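Enquirer: Spelled out, the chains give:
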Amino acid sequence: MKPEPEISRRGFLKEGTSAIGGVALTGMASSAAGAGSVTLTLLDPTGAQEITHLFAARLPDLNGKAIAELAVDPAKWQPHRTMPYIEDLLKKQFPSIRFIPMQEFPMGLQISEDRVIKMVAARNPDAVIIGNAG
Amino acid sequence: MAATRQAIMGQGLPPEAPWVVFDYPLFLVDSDLSPIKTNYSDIVHALTKWQPQNNTKGVFNKAPVTVTGKDHEEALARANYLFLKKNWGDGLALFPPTQSRVDWILTGTDHGRNEKVGGASGKVAPKEGILTYEVLATCMAMAGGRPEYMPVAEAVCKTIIEKQNTLMTSSGGAYQGICVNGPVAKQIRLNSRFSLFGPNPNHPAGGAIGRCISLVLMNVGGHVAGQGTIAEYGEMRFTGLCFAENEESLPKEWTTFAEDKFQRPRGTSSATFFITFLGGLHPFVHRGSGDEPNFGTEMQESFFRAAAVMKNIWPANHSPAPGSPGIMFYNSMICGNMAKIGWTKDKIRARLAEMLFATAEEIKGRTDVQRAAAAAKVDLSKLPARIPMMTDPRNINFICAGGDHPSLAMWLAGVSFLGNVEIQLPRSWETLLAKAEEDLGALPVI
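Sequences listed follow chains A and B, in order. Sequential numbering of the first sequence, starting at 1, is according to our numbering. Sequential numbering of the second sequence, starting at 1001, is according to our numbering.
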């Protein structure tokens, strides 16, 4: 990609035959743009993204499985009510399912910290339910 | 859900998840839980059958984009429309981050464009995009910044990356602040006086640096409204606070903020990055009605007015508390006047702290305090007449800054100091400053 010549802050904002106009017309010749047009190439400000982990395979049957619970908040968003409710529903369909309650782990924004993730992994659950937030 | 997506990306996972979405009322106090039963099959599906769309690990780089217009004016407009469509902007007009402009900004650092800022992962929470010097320069270019602003921005970003603070993702009124100490501040025209937190064409650096940091947080960290942050009001987030301490007008016997808080030797340039999360700036009237018998009385009366706003953010305390850290801004005129009659920073701290208390009468009827007291097994009937709210006066931090006028002073409440980093200058520093003088004129007198 051909680098664009330096453009001063004030020059960029000038009308007519400013530095940017001259620059852009030069650039136009190498672009697919039409006559008299200006093309600006802009760098992406979002940064690269690294994917280091993939999602675990799903569990074909929840019977006999251990499900850990992680709460983003102990009470404000009602996980102390919704988690037990979900537990009851799952137990009806999968009688031998087990739960590691949210109270056995730190609660709050800290659940994304490595130390909490290690605590969860140490309990060797088959799956984790995280809530409630969005 | 969008905020959760950012958090998931921050864990190194693809931007998706087996989530089950419920309407907001489910999460309110005493809510109807039956929607969970209605959507129960979705929960089972998420645990047993859901399949991700992305199954590839690796670093995914972003390619440049192009815009075309019939002339440079239209191209500029279209670039800005594109920023908005891509959620790259803050809603105000931005400079196009062309290769040449980014290259120019990069002359403000000796680091390579592909180096990660801070030397480690370079990841900005919660989305954990990777901040290289080129990406930082891109954000600086968009913000209308200049190369000589890069050392301050770099120092701030080192703290952001190291601390991984996610307070600004929450619904609260958190926003970011930068305080620069040392000679760099004046060299780059960073404001320490009139319109300290506002526009000042003679001191353009704060707006551009602050905006650059906002763009880093939004673009690289994912702090996009309703997606990476659920801040309800998002106050001050266009630029945050970015200012310098007015060191040259500080009373001789007073230390600078960086000396006080971080033991930085005077004359060292450093950038402190902080987040305020309890409603931010609280101005109060410093100067009285003018009928005070002497200056000392005026000072004492000003402390009462200061204490009134400092108490304004009183949480549900029922017992003595160390207090929440904050910053007291006094301009150099007020600092000088205080120093003349023997007030030191420690003496002011102690006086303000002793004025911060709650009474049993104030607590009476506050059911939130009553519940907290009951949980802590505190007998409210046996409380002392005064319950100290700031037992650790060191939580009152002073910065000498603001226009030299006696009317107002300012309390910045609920401050979390995330770090103070020494500012590293590039080898071409003097050349950059000379170019700035050529572009912007001589350094402003005030």
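These aren't lab readings, by the way, just hints derived from the structure by calculation. Certain hints may be false.
Among the chain B residues that face chain A by a calculated CB cut under 10 angstroms, a handful are [unchecked claim]: (1) Leu1076; (2) Leu1084; (3) Ala1339; (4) Lys1340.
Cross-link-like lysine-lysine pairs, in silico, DSSO-like; alpha carbons within 27 angstroms at most [stated by the list, open to error]: (5) A:Lys91 - B:Lys1163; (6) B:Lys1163 - A:Lys76; (7) B:Lys1163 - A:Lys118; (8) A:Lys118 - B:Lys1037.
Computed from a prediction, not measured in an experiment: that's the story for all the values here. Beta carbons are placed, not taken as given, at the ideal position from N, Cα and C, and that holds for glycine.
Enquirer: Please go over all the hints and tell whether each is borne out by the structure.
Expert: Structure-based check of all given hints:
no.	hint	result
1	Leu1076	8 angstroms, holds
2	Leu1084	13 angstroms, violated
3	Ala1339	41 angstroms, violated
4	Lys1340	44 angstroms, violated
5	A:Lys91 - B:Lys1163	41 angstroms, violated
6	B:Lys1163 - A:Lys76	26 angstroms, holds
7	B:Lys1163 - A:Lys118	19 angstroms, holds
8	A:Lys118 - B:Lys1037	31 angstroms, violated
Hints 2, 3, 4, 5 and 8 from the earlier list are contradicted by this structure; the remaining hints agree with it.
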